[in-house]
Amino acid sequence: MDFFGAYSSDNVLFLLEGLGNTLFVAAIAIVFSFLLGSIIGILRYAKIPVVSHLLAIGVEIIRNLPLLLIILFTKLGLPEVGIQLSVFSAAIIGLIVFESAMLSEIVRSGLTSIEKGQIEAGRSSGLTYIQTVRYIILPQALRRMVPPIVSQFISLLKDTSLAVVISLPELLHNAQIVYGKNSNYVMPIFILVAAMYFIINFSLSIAARKLEQKERKGTKAAKATISNEPYTGSTAL
Amino acid sequence: MPDFSILTDHWDTYIEGFLTTIKASLLALVLSFILGTIIAVMRIAPIAPLRWLGTLFVEFFRNIPLVLILFFCYFALPEVGLPLDGFQAGTIALTIYTASFIAEAIRAGIMAVNTGQMEAGRSSGLTYIQTMRYIILPQAIKIVIPPLGNQFINLVKNTSVLGIVAGLDLMYFGDSISSETYDVFNVYIFVAAFYLVLTVPLSLFVGFLERRLAVTS
Numbered sequence: 453m454d455f456f457g458a459y460s461s462d463n464v465l466f467l468l469e470g471l472g473n474t475l476f477v478a479a480i481a482i483v484f485s486f487l488l489g490s491i492i493g494i495l496r497y498a499k500i501p502v503v504s505h506l507l508a509i510g511v512e513i514i515r516n517l518p519l520l521l522i523i524l525f526t527k528l529g530l531p532e533v534g535i536q537l538s539v540f541s542a543a544i545i546g547l548i549v550f551e552s553a554m555l556s557e558i559v560r561s562g563l564t565s566i567e568k569g570q571i572e573a574g575r576s577s578g579l580t581y582i583q584t585v586r587y588i589i590l591p592q593a594l595r596r597m598v599p600p601i602v603s604q605f606i607s608l609l610k611d612t613s614l615a616v617v618i619s620l621p622e623l624l625h626n627a628q629i630v631y632g633k634n635s636n637y638v639m640p641i642f643i644l645v646a647a648m649y650f651i652i653n654f655s656l657s658i659a660a661r662k663l664e665q666k667e668r669k670g671t672k673a674a675k676a677t678i679s680n681e682p683y684t685g686s687t688a689l
Numbered sequence: 104m105p106d107f108s109i110l111t112d113h114w115d116t117y118i119e120g121f122l123t124t125i126k127a128s129l130l131a132l133v134l135s136f137i138l139g140t141i142i143a144v145m146r147i148a149p150i151a152p153l154r155w156l157g158t159l160f161v162e163f164f165r166n167i168p169l170v171l172i173l174f175f176c177y178f179a180l181p182e183v184g185l186p187l188d189g190f191q192a193g194t195i196a197l198t199i200y201t202a203s204f205i206a207e208a209i210r211a212g213i214m215a216v217n218t219g220q221m222e223a224g225r226s227s228g229l230t231y232i233q234t235m236r237y238i239i240l241p242q243a244i245k246i247v248i249p250p251l252g253n254q255f256i257n258l259v260k261n262t263s264v265l266g267i268v269a270g271l272d273l274m275y276f277g278d279s280i281s282s283e284t285y286d287v288f289n290v291y292i293f294v295a296a297f298y299l300v301l302t303v304p305l306s307l308f309v310g311f312l313e314r315r316l317a318v319t320s
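Chains A and B, in that order, are what the protein sequence lines are.
Take the first sequence: its position 57, counting from 1, is numbered 509 in our numbering, and each next residue is one higher.
Take the second sequence: its position 5, counting from 1, is numbered 108 in our numbering, and each next residue is one higher.
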């Protein structure tokens, strides 16, 4: 094992460049899969005939496939139907397809976890269905969804490493190049790369746990205030 | 329409990969369940160093990518005199990775069993391990079945990483068929179908268990 040689500034910089690409791809995939996942989750929750059913089938198929297969298919299968993608686009699109299916399930179950009575209450107060969902259901559901969404982001960040199969120059890919130069570098490089992934993901999981505790306390406090408040009859909207 | 001649021409190859995928899933399931249970019990053990070890295991392996563990088993272990083939490296990596998630699920299940049960067992003269084995764990298992089911579905999907290190699974043979036929699109459509044959019934079953256990509890 050659720690000094393995951790030369060139090698470390090359690994950091890979880490940068990992974070870049993950960040773009997170933003788009969050948007797409929310839209799909809300459409499925709204139970629009046909649309909701088609989305349900699509989500179930994608969720039950290995992400590795989706990434390989995006890079190698799509050119046959005339869609050529760079490794970056293929990795990002593969991740978005898979993760938005996963996130849509989180959004949908978050929305369904809010009591039906709230919709009835909103509708009877004269709000439209969309207003009720937008101002009453969504804000409550979002708070419940935050912890599982953060966990899903951690998975996404880890899953970015699967793009090593299409030679995306991310952290694991660059690590392979570095330890391929000298067999004495293998262990030191694995230690360093594991540490990089661990530090980022562990900090995120701690954040997720904090949010979860806060959410739990928040719900308890909210319940307490509701039950402590004397009933004052209808409040003007 | 997908080209079904690919499926019929390469049926034996697909089946060989499919069976390896099932074999790796079952093997990793049993091993990670055993390892995960041991780690979960360690994490709530009355001895502090055991707890630290358990926590270290769970936090470390949950927060690094599966492919990194796989590459470590396949590329780094031979450097220290432990050569593994693709199937072995893949199954070991899957076992370690999945065990960290299973340990968390089981720990949550154990915590959900009333603490009075432990006290009752201990005051009846059972040892800590006996109480765990005969009183707490049997009850905890019921609570953790749905999350474990979900972990198993993930495990089946994750066996696809065996393909990266020539683990002779569905993914690996998909790659070899496509380099023979130059028809990646159709070949992978059927690979996907084989995965769905495994995962869709599993997730329907887990969904059924979730609803059923929710009604009874």
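Don't read these hints as lab results, they were simulated from the structure.
Some hints here could point you the wrong way.
[Stated by the list, open to error] Across the chosen pairs, the derived CB separations fall in these ranges:
#	chain 1	residue 1	chain 2	residue 2	range
1	B	Leu156	A	Arg661	19 to 29 Å
2	A	Ser577	B	Leu122	55 to 65 Å
3	B	Pro105	A	Ser561	41 to 51 Å
4	A	Arg668	B	Asp106	50 to 60 Å
5	B	Trp155	A	Arg595	31 to 41 Å
6	B	Ile141	A	Ser577	51 to 61 Å
7	A	Ile480	B	Arg314	46 to 56 Å
8	A	Ser561	B	Leu122	33 to 43 Å
[Stated by the list, open to error] Stretch by stretch, here's where chain B covers chain A in the computed footprint (C-beta under 8 Å, at least three residues):
#	stretch
9	573–581
10	600–614
Ideal Cβ placement from N, Cα and C applies to all residues, glycine included.
Right, here's what the structure says about each hint:
1. Remark: the range hint 19 to 29 Å for leucine 156 of chain B to arginine 661 of chain A is upheld by a beta-carbon distance near 20 Å.
2. As the Cβ distance of serine 577 of chain A to leucine 122 of chain B is approximately 59 Å, the hint placing it in 55 to 65 Å holds.
3. For the pair proline 105 of chain B and serine 561 of chain A, the supplied restraint of 41 to 51 Å is violated, since their beta-carbon distance comes to about 32 Å.
4. For arginine 668 of chain A paired with aspartate 106 of chain B, a C-beta distance near 53 Å keeps the hint of 50 to 60 Å intact.
5. Take tryptophan 155 of chain B and arginine 595 of chain A: their Cβ atoms lie about 33 Å apart, and the range 31 to 41 Å holds.
6. Between isoleucine 141 of chain B and serine 577 of chain A the beta carbon distance is about 55 Å. The supplied range of 51 to 61 Å therefore holds.
7. Separated by about 36 Å at the C-beta atoms, isoleucine 480 of chain A and arginine 314 of chain B break the suggested range of 46 to 56 Å.
8. Take serine 561 of chain A and leucine 122 of chain B: their Cβ atoms lie about 34 Å apart, and the range 33 to 43 Å holds.
9. Proximity of the stretch 573–581 of chain A to chain B, defined as three or more residues with a beta carbon under 8 Å from a beta carbon of that chain, is not established by the 0 residues found.
10. For a cut-off of 8 Å, the count of residues in the stretch 600–614 of chain A with a CB near a CB of chain B stands at 6, and the three-residue condition holds.
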